[in-house]
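Undergrad: Sequence:
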Amino acid sequence: MGNAGVAAPAVAYEPPRMPDGTPDMQGIWTNASITVLERPDGVENLVLSDAEAAAVLTATDETFQLSEDAKPTDPDAPAPEKGDNSIRGSGGYNTFWTDFGDQMGRVKGEWRSSWIVDPANGKLPWSPAGGQRATAYAARYRSFDGPETRPAAERCTIGFGSTGGPPMLNVLYNNHYQIVQTPETVAILVEMNHNTRLIRMNDEHRPKALRGWLGDSIGRWEGDTLVVETTNFHPDASMRGAIRHRLFMTPEAKVTERFTRVAENEILYEFVVDDPEVYSQPWRAEMTLRKDEGPIYEYACHEANYSLPNILGGARREEAAASE
Numbered sequence: 023m024g025n026a027g028v029a030a031p032a033v034a035y036e037p038p039r040m041p042d043g044t045p046d047m048q049g050i051w052t053n054a055s056i057t058v059l060e061r062p063d064g065v066e067n068l069v070l071s072d073a074e075a076a077a078v079l080t081a082t083d084e085t086f087q088l089s090e091d092a093k094p095t096d097p098d099a100p101a102p103e104k105g106d107n108s109i110r111g112s113g114g115y116n117t118f119w120t121d122f123g124d125q126m127g128r129v130k131g132e133w134r135s136s137w138i139v140d141p142a143n144g145k146l147p148w149s150p151a152g153g154q155r156a157t158a159y160a161a162r163y164r165s166f167d168g169p170e171t172r173p174a175a176e177r178c179t180i181g182f183g184s185t186g187g188p189p190m191l192n193v194l195y196n197n198h199y200q201i202v203q204t205p206e207t208v209a210i211l212v213e214m215n216h217n218t219r220l221i222r223m224n225d226e227h228r229p230k231a232l233r234g235w236l237g238d239s240i241g242r243w244e245g246d247t248l249v250v251e252t253t254n255f256h257p258d259a260s261m262r263g264a265i266r267h268r269l270f271m272t273p274e275a276k277v278t279e280r281f282t283r284v285a286e287n288e289i290l291y292e293f294v295v296d297d298p299e300v301y302s303q304p305w306r307a308e309m310t311l312r313k314d315e316g317p318i319y320e321y322a323c324h325e326a327n328y329s330l331p332n333i334l335g336g337a338r339r340e341e342a343a344a345s346e
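Numbered per the numbering used here, the sequence shown spans residues 23 to 346.
No incorrect hints appear here.
Calculated cross-link-like contacts (lysine-lysine; reagent style DSSO-like; alpha-carbon spacing at most 30 Å):
#, residue 1, residue 2
1, K313, K145
2, K104, K93
3, K130, K313
4, K130, K145
5, K276, K130
Now the in silico label distances, taken between C-beta atoms and shown as ranges:
#, residue 1, residue 2, range
6, P205, W119, 37 to 47 Å
7, L330, T80, 34 to 44 Å
8, P97, R164, 32 to 42 Å
9, Y321, G131, 30 to 40 Å
10, I318, T272, 26 to 36 Å
11, N143, K230, 29 to 39 Å
Worth flagging that the hints you see were computed from the coordinates, not collected in a lab. Each residue gets a CB set at the ideal place from its N, CA and C atoms; glycine is no exception.
Whenever a hint applies, use it, and build me the whole structure from the sequences.
TA: Printed below as a string of structure tokens:
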């Protein structure tokens, strides 16, 4: 009997190799996407059909901003009414600064409604105590009493929204990463705030007293997959919020990442966050890092970092005016 009509087995991708035989992950990659960490309300499925992906895409604030930006500008139009700071509000970011992509994310060839795959509902599994802790932590940074109550992102120390991670998440702009490998170290240059992750291969974690802004990352190879375990996070980097996600992790959280080059232009990026003080279970997510052209330009943030003194100075002026 012949083999007519029988599909040939898929040929596993063979990645390029470094001189030591490990997969070559080097290059510039991006995770820019309309898909974000959690699934939108009202969307049931993780995997979307073409029609479902188009419908979800159309309903997002990001697509609204892109469509508004594409409209002709009337030079005689009056100033818009005062709005909020959301993407749809007049107080939000000018689209000149944004670069979040214009498509839903594809993982393993499928449109995805969220990066989270477990829990199955695509939502962060907050424990009651964890949710309260995150809310209290966020409230601390709504005060203007002093520099201690302002978040690290205002100092341009780290990027907002967990861009540097781990886990490394997409935000409004600057969603590029450059990977450089040696047998001893894998370096990931993060476009946002020009942070650099240094993943020490086959090493031990540093003492807990030494906490890094991006944690302490140790890597190893499991076959052709780079596995990275990170803990010892800086306590001032616990809250990470951007676009449509809010993420909170304690300094003792453990993040396990898996990087697998599955195609010439794709890395499958998987991660598990285990933080029992905040979440009722470990949660898992998947996304695709897509190869992009370079170079990554220097991230200047705000030159001379006037933001923090101006924020605090403005608050003191408001207090003085209120006391008159």
